[in-house]
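Residue numbers (this note's numbering), protein chains in the order written: chain A, 1 to 663; chain B, 1001 to 1303.
You may find that some hints are simply not true.
Quick list of in silico lysine-lysine cross-link-like pairs, DSS-like style, CA-CA up to 30 Å [to be verified]:
id	chain 1	residue 1	chain 2	residue 2
1	A	213	A	172
2	A	227	B	1211
3	A	569	B	1129
4	A	227	A	114
5	B	1211	A	83
6	B	1139	A	388
7	B	1058	B	1042
8	B	1139	A	581
9	A	569	A	640
10	B	1134	A	83
11	B	1129	B	1053
12	B	1042	A	477
13	B	1047	A	477
14	B	1139	A	476
15	B	1058	B	1075
16	B	1042	A	387
17	B	1129	B	1139
18	B	1129	A	477
19	B	1129	A	213
20	B	1047	B	1058
21	A	625	B	1078
22	B	1134	A	476
23	A	569	A	476
24	B	1053	A	477
25	B	1134	B	1092
26	B	1078	B	1053
27	A	477	A	569
These aren't lab readings, by the way, just hints derived from the structure by calculation. As the structure is a computational prediction, the values presented were derived from the model and not from experiment.
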Amino acid sequence: MKRLAIIALLPAMLFPQETVAPTVNERVGSVRGANAGDYNIVQSWEFGYRFATIGGDRGKYQSDVNFGNGIRLLGSSLSINSKEGHGRWFDEFLLSTQGLGNDPYESATVRLQKNRWYRYDLLWRQNDYRNPGLVIANGTHAQNTTHRWQDHDLVLFPQNHFRLRAGYSRVKQAGPALSSVLEFDTRGEVFPVFRDIYRQFDDYRIGGDVDFKGFRLTVQRRWSFYKEDTKDDRTTPVTGIAPAAITSFDRSQPYRGQTPGWMGNILGERGWIAVHGRFTYASTVGDFIENESAIGVDRFGAAQNRQILVRGRGNRPVTTGDFTVTLFPAARLTIINHTSASNTRMVGNNFYQQYDNATFTYSSLAFQTLSLRLVTNATDLRYRFSKKFDAFGGFRYSDRRIYSVENTQVTGTPWDGITAEQSNTTKAGVLGINWLPTKNLRLHAESEFGTNDNPFTPVSLRDYHSVRARARYRAKKFTLGAAYNDNYNANSISITSYSSRARNYSGDASIAANSWMSIDGSWSKLHLDTAGGINFFAGAPRTALVSDQSIYVSNLHAVNVGLRFALRKYADLYAAYSVTKDNGDGRSTLAPQATAAGQVFYNVQTFPMTFQSPLVRLSVRINDKVRWNAGWQYYGYDEKFGLIGFNQGYRAHTGYTSLLWAF
Amino acid sequence: MRFAAALCLVVPFFATAQTPNTYVGSTTCRTCHPDVWLNFNKNPHYKSIASGKETPAKTGCEGCHGPGGNHVAAKGGKATIGAFSEFSPSQKLDACLSCHSKDVNRAGVRHSAHTEADVVCSDCHSIHKSPTPKFLLAKPQIQLCYTCHATVRGQFEMPSKHRVNEGAIQCSDCHNPHGNVAPNWRTGTSSRLIATSHDNEQPCLKCHVDKRGPFVYEHASVRVEGCETCHAPHGSPNARLLRRPVVFTLCLECHNGAGTFGRQNAGVRLQSASHNLLDPKYQRCTTCHVRIHGSNSDERFLR
């Protein structure tokens, strides 16, 4: 075994710079089960080493990819099944893992069940989550949050007419992330800083199903709790433009929220009619307090201190009801009517107190309400002319009322005593067909066109339409597909008209020429162009209102090609290449514009870049139970214009070598 | 009664049979289909055999394919049995829903976008040869979805994306491929199979729990129109899945004071006159408006 391990790791020593690529879905040969008593066991374990070398902007690489070096349990699976479905304690046990041992994307799933008695599912995930603060924090990539999820679900008597359900989920975030604290650098610029955050969300569920007279009633009670205890202490002085400085800073913003809720669901299908009703109610309450104190020197050199206290509560009850009726009046005809109504009401208040130099200076009490009531009705009709051709059409109607109140104790502020109400009505139609001209060819086309009389924002849908078409040809040895998708929206406003058009085209092919070779590939083009009216203040030495147009053009092409090659039963080779390229609006340089403000917008109207990633994976059979795997994957990112002041391009060679043991 | 209804869905497929059809039991089927039977004990549908309590119309092979008497008598043939390869999409759907129509997460299947496009159960699920340990998927989920959604594949291969290709999350974390009720944000446009989290919230909030609120000062567009107002959830060439490469264009396209938009029906508030956009620090709006998703302390999302 030792000799085997040395042989397996030898190629890794020869190519120390390579790789990184998840291997969970990779075929590594057939596995066979082992029988133990009344059970059959199948398992595979893949241990290996990942390595990565990165050139260029390491921060950007960590935000985009983030694979590192180290020993990993790259993937594993274990399944134990009872042979006859009558195991003593369980009939099925499944365990699969990915990336354990410090990969940025780790997960484990478990299923344990005994027929007729129980079924338990667990999903655990951890993501070392790096994300750029670059658009707001001077190009830094320091955010490195660990994000963990776990979901547990238990069903008792899963095959019975009466089932009990219980569940628990947790979401937890910890590590450095952007805080709401702003600091100065020596140029007087402000930027938010990264602080350790601590957030936790717990969700408890209990409920059950009961079947009666062809209907199933499901009821679920839920309690969710959220807490945030991010704290910020700073004793090291922070200097701004001299002599301004902060010598001590402390802020805590504890938050506690809870959401008790109900969900009820009823389903039934009988002959010519099927009905579905659903009701949910959840009322979230969040209590918060903010305590901030800062001590330092102001820009005139005088000692300064400030304390802020904010406390209050937010409340959001949400009620939804849905009712769907499906009618089958004739064998060829289906009519579906779906009605949905919801009411969301957000009410909050806070009491704000501020003390400067230990002297009370300001306090305010604010109330806010934002209510949404949405009623949606959709009716669809579908007629099957033959087994090969059917057509459908539908009408959607929505009525949304938005009600808003803003109040504050301090009169005269711009946001005091504002009550507003508006309603939006959306009407849309849908038409489509499905056609099978031959047994292997499937065609689908549909169009949606609608209008919204009072869109909420200048970029919301107003007069819009979309066209979608798809063709797929499937034969024994190959599959071909093509799709087209066009979305257009025109939302005229008083400055200028806003319009947005997105056109997507795609094609894909998959060919399994024989048992030892297969090729698959896809190409897609995603084209987006928008033009919107904007107003802003700019100018020197005094600012003035400028009206202009914000244009954005993205012209993305994405290509994937993969080749799988098997050398009899001795080895499998997989090679692939993917590239995503945004050609932008075609410009090669940023041409000087007539005005400084015009230049600011001209520079960001497009964002040409290229992101490419070739990879090769090799899997060699050592014996019936052991295989040696190795892989290399390159990540290359290049942007044409450094929008944040510098080019964030990087090149990374990542790789792994591993041993897979399976039976 | 409910078994009779299920039977009614299957029986028409064997209209060519001249003699009354009978149930023969799964042990008869395995005589000619040993490859299917070999691993059937690992199949969720094996429960119907193991329990020993189901009626023949709900048990094993004949639970889905209908009675096999004529098929046995004719020594095989697709015309004498309920062969899914010969079914139309609606027949496949009806056959599966005869048992699976009452599960909560499949409640919207009749009016889902997939069903409208004739994408039905057996297009995504492989009952006999599934390579996945759960849900009998025809392929691992990501490959399955990419089979038809090549443009989405392109979006997940952008520099800034949700980590679907890396295995951190799956399509079904945010979408319910079986269809769902209408979302309670946005308006009545097609639902795109979006799942709800915590029964009635946007799927984004399932993981991004800190954006859930409620906040005293809500960024109204987040609640009214959804996170997609500013973010492209699959992937984007821009950092933080933003729809624009820089923040200020994203903000100013709404905050232009024009028309009848916004909470007060008087336009979405214009930026302050003190913010000279030529100064780089005012181009990074969320540097100061750091609680842009909602704040409890400041109306302008400053803290």
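Verification of the supplied hints:
no., hint, verdict
1, A:213 with A:172, "violated (43 Å)"
2, A:227 with B:1211, "holds (12 Å)"
3, A:569 with B:1129, "holds (21 Å)"
4, A:227 with A:114, "violated (36 Å)"
5, B:1211 with A:83, "violated (48 Å)"
6, B:1139 with A:388, "holds (26 Å)"
7, B:1058 with B:1042, "holds (18 Å)"
8, B:1139 with A:581, "holds (28 Å)"
9, A:569 with A:640, "violated (46 Å)"
10, B:1134 with A:83, "holds (18 Å)"
11, B:1129 with B:1053, "holds (26 Å)"
12, B:1042 with A:477, "holds (28 Å)"
13, B:1047 with A:477, "violated (34 Å)"
14, B:1139 with A:476, "holds (16 Å)"
15, B:1058 with B:1075, "holds (23 Å)"
16, B:1042 with A:387, "violated (34 Å)"
17, B:1129 with B:1139, "holds (10 Å)"
18, B:1129 with A:477, "holds (17 Å)"
19, B:1129 with A:213, "violated (34 Å)"
20, B:1047 with B:1058, "holds (10 Å)"
21, A:625 with B:1078, "violated (39 Å)"
22, B:1134 with A:476, "holds (26 Å)"
23, A:569 with A:476, "holds (23 Å)"
24, B:1053 with A:477, "violated (42 Å)"
25, B:1134 with B:1092, "holds (21 Å)"
26, B:1078 with B:1053, "holds (29 Å)"
27, A:477 with A:569, "holds (21 Å)"
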